[in-house]
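> Could you build the full structure based on these sequences and the hints that come with them?
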Amino acid sequence: MAEIGEHKIAALAELRNQLGNQITSGSDLLRVQETRETRVATGLQGLNEQLGGGLPRGQLTEIISPGYSKGGGLVMAELMARARRERQYAVLFDVGRGFTPESFPESDLETLLWVGCESAKQAVEALDIASRDENFQLFLLDLRDCEPSDWSAVRSGQWYRILGQLRPREAVTVIFSRKAVTSAAKHRLSVENTLSIDSLDSERAGLLEQSRFTPMTFPVSTSHDSRKSRSALSIAG
Amino acid sequence: MGYHNHTTTNSGFAVLWCPDFRLQAVARGERNHETPLILVDDSKRQSVVLCGNDRAYQWEVEASMSTVQALARCPGLQVRRPSAAAEETAARLLLEAALSWVPGMEETEPGLLTLDLASQPSEEWEQNGYRVQRQLADLGFSTVIGMGQTPSLARIAAVAARESGEILWHLDPDRRLEFLDRLPLTIAETGAELNERLHLWGVKTLGSFARLSHQAVAARLGEEGVELWLRLTGRLQRPLRQAQLEHLFEERYEFDYELNDKEPLFFLINRLIERLSNRVSRTGRAAAAVVLVLTFTDGSCYAKRLALPEPTLEHEVLFRIISGHIEQIEMKTAVESLLLRYEPADRVSSQRLLFGAGLRNIHQFQETLKRLRKLVGSDFVGSPRFCDTHRPGTCELVPLPHDIPAIEDDENTLTGPPTTGPIFRKYPTAATAAVRLRDGYPIMVESSRINGVVIEHYGPWKCEGDWWHQGKIWNRTEWDIELLNQGLFRLIDTGRRWIIEGYYD
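Residue numbers (the working numbering), protein chains in the order written: chain X, 2 to 238; chain E, -4 to 500.
Rather than coming from a laboratory, the hints here were simulated on the basis of the structure.
Do not take every clue at face value.
Stated by the list, open to error - As a list, the in silico DSS-like pairs of lysine-lysine whose alpha-carbon atoms are at most 30 Å apart:
| hint | chain 1 | residue 1 | chain 2 | residue 2 |
| --- | --- | --- | --- | --- |
| 1 | E | Lys299 | E | Lys257 |
| 2 | X | Lys122 | X | Lys180 |
| 3 | E | Lys421 | X | Lys122 |
| 4 | E | Lys365 | X | Lys122 |
Shown next as structure tokens:
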């Protein structure tokens, strides 16, 4: 058996010598892909600057509103309006079904497909289905009313499968939540806005200009991680 | 959330039906419609009648009766036998006629096509329907056309047209119930058991069945009843299984003799081009590519797809391309057969996104919708729209439009009101709150979701409505409040309790 193994290793080494530079490692391929990545400019200058030009196509981006009235809804409204102006269809996966159409200009709803979901798990399953459809260019996943325990039910592998479906079609996906959701996200930004009672009468375009975006880098506790920590605890116990 | 489904009236379908298709396929060349005709099946021990024409039915000839019995009943009865070749030709002619009307269709059954009319303005539907019927009548076919909001309603309309002796029925969405009131239950092609039960209940027309409530039908009649109700109310949408048209424009010639020379081949190709071009031009299309297949006496075969630089039906161009290619082929043995096929350019689908935007793949879109509805429920998938009411949170879900018109607007402006304030979002379940008031204004709020001091407020905004509908009256008093270090919320006084409805974000 050992002879066969050595023989194989030798054959592989010879092949590598013969092919030389034609062999490309996975990390090299990833770098090449990143340089090819195209971006969709949003109407939000601060967001575009932090993302290097706009939302990356074929990737997941997280927009975190750490509390109420931080402006996450305004960002979502702007992305919907942009999709309508660009004559593209958008899908909103609304966990908790708290979407209020009367807050949006009616014309911005014309190209929106609303999917009311009862849990984060269901929303991700719905995203998994819709991300295979070539008709949609923008997916918005609203997890703002979810508890982190809700999305721990989502298998981390499912996020990567969705990514695999988004890449070839270069569709943009933005997740809105209170905390970081998945390590599969390419970018994670927190949005801060100082909304007061006077904001109710302020022009929406002016409110959007006040939004500040900050990159976030803290680690994500995925379902996989929590399983690992649970098993570690049980071993320790 | 107050959403309800709404069906669009912009889309439409037509069913083009050639009744007793197998008989018409073999007898369409016979112009004497006064002759009673039957199609018989001789493959069994006793020959039986498959179907007959109206003249034969007048003599009480029926399907499944023995041929001998039919001949005894009807003097001068002519007997025809099925022909697969004739049926194939007839099916091709039907498809070609339908293609001259719309680009997308489904071969639902032999002799029955379902056409998607979405690509046409609705005011032209009937006019085009009559035109296609005249075209088919010239070829010896007797057809009926039914039109409706959905494929199921179009089929019901076609059956109704046949039963009433008319040639075209349009089940107008605005007068749907009025039309259905005129139709007996048997038109919907449902099971005998369901028909019997409905008959006993006194439900005799499709219109009276469609007026029953969804819940009542589901509770009493189960799946079959619900399916019929959905069909009649136009809620049963399904994507069409697009007919395979790749081999439609094809001409084949088998040589009776061994052909070793190319000249006779060119002569034949000339004729086939003319025939195919005529057929394709009747559908309003042009050839985007030509497929040439030659089989040889030694069993070998030569096939080549010749893509054209742009769709055309110009005889000279096509002949030059095909003959030029054949010139280069080295024929070692004699040619046995020749096949020529045109791949027509679909002008509607190819030009769909040229100047506009919309669904790229309607079939895939329908599949996605179906799967999403199965996952989250059909009441939670759709494009939201406002309703004509002041009642907060009331809106409806409509299907996504298939085309997206451009917005004539400055790029940097928002597209229509509301353009002020942040976005309101409701909590999944409204939280009951304890509110402390001073001089009638809220100063402190405590609830399971948020607690805090009210530093600013707008309101009260009193609103009420539907007092003219018994049992549906609603009234409430709204406040917009800013809580210290918490954010902006909407507080509701229902008269009985306070609730935090949601937040601005």
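> Look at each hint and say if it fits the structure.
Hint-by-hint comparison with the structure:
With a CA separation close to 17 Å, the supplied pair Lys299(E) and Lys257(E) stays within the 30 Å bound. About 16 Å separates the Cα atoms of Lys122(X) and Lys180(X), which keeps this hinted pair within 30 Å; it holds. Using a Cα cut-off of 30 Å, the hinted pair Lys421(E) and Lys122(X) holds, with the two alpha carbons roughly 20 Å apart. Under the criterion of a C-alpha separation no larger than 30 Å, the hint pairing Lys365(E) with Lys122(X) is consistent with the structure, at around 19 Å.
The earlier numbered hints are all upheld by this structure, with none contradicted.
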